[in-house]
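Top to bottom, those sequences are chains C and Z. Going by my numbering, 128 is the number at position 104 of the first sequence; the sequence numbering is gapless. Going by my numbering, 223 is the number at position 222 of the second sequence; the sequence numbering is gapless.
Hints are computed from structural coordinates only; laboratory data are not their basis. Treat the hints with care, as some may be off.
Said to hold, decoys possible - Restricting the straight-line Cα-Cα distance to at most 20 Å, the calculated cross-link-like pairs of lysine to any residue (SDA-like) are:
#  : chain 1 : residue 1 : chain 2 : residue 2
1  : C       : K84       : Z       : T66
2  : C       : K84       : Z       : P263
3  : Z       : K745      : Z       : K264
4  : C       : K84       : Z       : R187
5  : C       : K112      : C       : L38
6  : C       : K65       : Z       : E43
7  : C       : K84       : Z       : T68
8  : Z       : K264      : Z       : L130
9  : Z       : K745      : Z       : R187
10 : C       : K65       : Z       : D84
11 : C       : K112      : C       : P50
12 : Z       : K127      : Z       : I142
13 : C       : K65       : Z       : K745
14 : C       : K112      : C       : A49
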Amino acid sequence: MTIRAQTDALRGSLDLLVLKTLSLAPMHGWGISQRIQQTSKGVLEVNQGSLYPALQRLEKDGLITSEWGTTDNNREARYYRLTATGRKALGVELESWKRFAAGLEAVLRST
Amino acid sequence: MSWIDGARARLHLLFRRGAAESRFARELEFHIAMETDRLVREEQLTPDEARRRALVAFGGVTRHTETLREGRGLAWLGGMSLDFKLATRMLVKNPGLTLVAVVGIAVAVTIATVSFSVIYTLVEGKLPLSEGDRIVSIRNIDRRGGYDARATHLHDLATWREGLRAVGELGAYRLVERNLITTDGRSESVRIAEMSASGFRIARVPPLIGRYFNNEDERAGAAPVVIIGYDLWQTRLAARPDVVGQTLRLGDTPHTIVGVMPKGFAFPVNNRVWTPLRLNAADYDRGRAPGIEIFGRLADGATIDDARRQLLTIGQRLAITDPDLHAFIRSRVIPYTRAFIDNPEATWVYSLVQLLVTMLLVVIGTNVAVLVYARTASRMGEIAIRTALGATRGRVVAQLFAEALAMSGVAALIGLLGAQLALEQIGAAVERLRGEQFPFWLRFHITPIVVLYAVGLAVAAAVIVGVAPALKATRHKVRSQLQQLSAGGSRLRLGKTWTFLIVTQVALAVAVLPLAMAGVSAWKRIESAKSALANKQILTATLLFDRPEVSEARDVAARWVNLRAELVGRLQGESGVVDVAFASSAPSEEPNTRVEVFGAAASKVEGDTNTVSGSEGYAVGESRIDLHFFDALEIPILAGRGFDAGDLSNPSTGVIVNRSFVRRVLGGGNPLGRRIRDVSARRDPRSESAPVMPWEEIVGVVPDFPVDSSTPSPKIYRPLMPTDVSPAMIAVRVKGMPALTFTKRLRELTIVTSPMLRLDGIKTLEQALEDDSAPTRLAVLAMELITLSTVLLSAAGIYALMSFTITRRRREIGIRSALGAGSSRVLMSVFSRAFAQVVVGIAVGVTLAGVLDGLLQGGWTGRRGAFVLPAVAILMALVALIAAIGPANRALRISPLEALKSE
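Looking at chain C on its own, in the form it has when it is part of the complex:
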């Protein structure tokens, strides 16, 4: 794995988290940030502002789509949903992340 691929993998982690979160159910931006925080038991705190550029990037790449909907307490919110392409990409990304993590761990362990 090259240095360049590593930085790509690190930068891609937010995308990966978003995709994984959306694979469970369609969700709005705030919901995504909450869900990540809860699932990681507070370890991963998403910078709320930078979530939206990530969502836009994923939408531009055709991995997710979005539409307006209404929340339980009757607020209008933009709901994001995984596309078929996104689902496929998630699989690939997960694999590559696992490889990356394994590689990282192997290196860390040896030192």
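Once you have looked at the hints, place chain Z on chain C.
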């Protein structure tokens, strides 16, 4: 389908920019509200405090909005649209420069686009048939030139059919002209394709009704049959469904219709009537057969190169069996459509022409670029500040490029419109002049590829006009630019390049002006001649006699003379016909002959392009005319007499000449009684011992008629002998009606006299002159446009130079006036360089025009050099003066106080 999703999202983001922004605002509002609720609920904060914390947690809203915008890929768009907004503003702010640049580039684009469209159509013309690009033309070419090698095709056809395996089937055709006469008695002259039965199979277009020709139809002596085109069926045969089996006459032979071809089919050239080709090689000597054209379709899997190789082998074989004939003959295979252009095997020549025409844009573009550079000098402050604020060199260049692109884009649009108009004119002219001779697949119009070419020109122009000056202007460091800015001047300099360009431009303008003036006067001459002819109600046409294929020559001549006399008799019996006269050729289409003058050495006539040294004599137009021809056309005899019956004694000894002949061949003086002699036979390489022609005496002088399109040319008229045969020009003068209305009756009378008599190109004399002068007028128009842009550009150049000088020397001017220098002194000192450049330019231009005039023996100025050359010099000086008025005024208005204050 990720790319579709992605593309949709991208497009959405790109084009619904406002919507995207408001969407983010709504999402943000929702997010903050949710987070506030959470903080109030979980951490028991007050709503205000919770909202503040929520906003802090979100981070800088502006920064995220920016990131989003960039993520949409709109950053460049924002910049670009700003550039174009600025560009439009700059264009409107500098109307003078914009006008000059747009006119100049538009002229170049028009000319280049027209040329491109015509050349592309000719060279890349596609035959609109199924796999039309696989149809090839096969022909013999005489390498020596002079011999029509098509006469060998009939005999070689059998050899080619056998040996040319790369070509599946071979077809042949030739074109003949006949009167087409339908049962209702109407007649018209048509170009018939006599085509082999295989020709239709090669075209792969089935008949709409009936059948093709078959091999039986091609047999000599078989019943005459004909296939007609769709339009002919519709218009002349009332679209009758039972048309097959009907007859129509071609000349005096009735033909049975066996088929109708579908709409749009006009193969092989532009035909609507087809008869079987019935030529048998056995009837002719090898190399002396009637000329035919050969074509074929490449066999499946074969390429044109295969065909070329096989043809070469066959040619080598033929050269052995028939060395005399084939020693100089080479066989060629070319794509079918190329057979209709000159130099089919050297199409790079056309590309070269196009390249040269495109160079016009480069020349004009460079000139505009220099103007833009001069203007950029006055914007150095703006550029320096933008650079200091963080604009990269690329951004600045991009902005100047956008300005240039906006300008050249407008110009290209105007140029395309101009080209469309010009192509329509050219198309109409070709249609009128060439008609059925012009291949049916060649139509000139603006196609997508032409638009693409124009867009390319616009971008190229923008690169020349925008990028080059921008790069030059942004070369210096920002700091020094800013320093210069505060010093109140510009560091930019207009160096040697500029001097060279101004001088060249002025010189070119001065040099082409005489030709442009000559063009205008030629145009005026044509117009006045046309209006003079419009009053004469004269209808002209070529009268032809379609002699049968095999016939005795003496018999034909006698029949022709009788028929002609019969037609004249009928015409004279018509009410409204004033006079009928014949000539051997239409006015302004006289073939050239060569004469020498008794007792005058050819070289004595000064400055005559028609002079060929020594015994070759002068090239002059020759026409043989009826005795009363000049009376019939109301052409006055200026001196001497017209022809009378005495001139018909054989051989004729009297000739009439026109005024141009007197002026240019005889060099003025009294022409009557002088003698000339035809020496054209001396130049003919085929005649080994040239017969010596008798001397002829000039007995009369007539005016130049009709005024020739370019320059009046010398002509001689000889009497038309009653035994002279086809073709001939017939002129009918009518009264009491517009001449054209007599067309129908003229046709009827001709057909009644004999179906073998055929009229071609019926038009009034006025139309004839207009058609004849069409190319000249087009050339004059193009030249006037080029001249106009050259003059405009040099005026703009002078203007820019002066404005630039003032910007740079503002302080100096201020000090000079403060020290008490008068207006004229200030102007002289500031503008002396510009004056010098203009004067040098004019001098070079006049010299150049003079040299050209000398080389062309007066052709450049229309033999009025003594008047024209000073006139153009004065004209250019006036243009320069007008261009200088504005800047000069501005220079004088610079107040010493202000100029020094900015120090």
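Results of checking the hints against the structure:
As the CA atoms of K84(C) and T66(Z) are separated by approximately 16 Å, the hinted pair is consistent with the 20 Å bound. Of the pairs offered as hints, the one joining K84(C) and P263(Z) is violated, with about 53 Å between alpha carbons and a cut-off of 20 Å exceeded. Restraint check for K745(Z) and K264(Z): the C-alpha separation of about 27 Å exceeds 20 Å, so the hint is violated. Distance check on the hinted pair: K84(C) and R187(Z) sit about 71 Å apart at the alpha-carbon level, beyond 20 Å; violated.
For the hint linking K112(C) to L38(C), the alpha-carbon distance of about 17 Å falls within 20 Å, and the restraint holds. A C-alpha spacing of about 16 Å is found between K65(C) and E43(Z), which places the hinted pair at or below 20 Å, so the restraint holds. In summary, the hint linking K84(C) to T68(Z) is supported, as the alpha carbons are separated by about 14 Å, within the 20 Å threshold. The straight-line distance between the Cα atoms of K264(Z) and L130(Z) is roughly 13 Å, inside the 20 Å bound, and the hint therefore holds.
Between K745(Z) and R187(Z) the alpha-carbon distance is near 9 Å, which keeps this suggested pair within the 20 Å criterion. Between K65(C) and D84(Z), the direct Cα distance comes to roughly 50 Å. Violation of the 20 Å bound is thereby established for this hinted pair. Using a Cα cut-off of 20 Å, the hinted pair K112(C) and P50(C) holds, with the two alpha carbons roughly 16 Å apart. For the proposed pair K127(Z) and I142(Z), the alpha carbon gap of about 24 Å is over 20 Å, so the pair is violated.
Proximity of K65(C) to K745(Z) is assessed by CA-CA distance (about 102 Å); at most 20 Å being required, the pair is judged violated. A C-alpha spacing of about 16 Å is found between K112(C) and A49(C), which places the hinted pair at or below 20 Å, so the restraint holds.
The structure shown violates the earlier hints numbered 2, 3, 4, 10, 12, 13.
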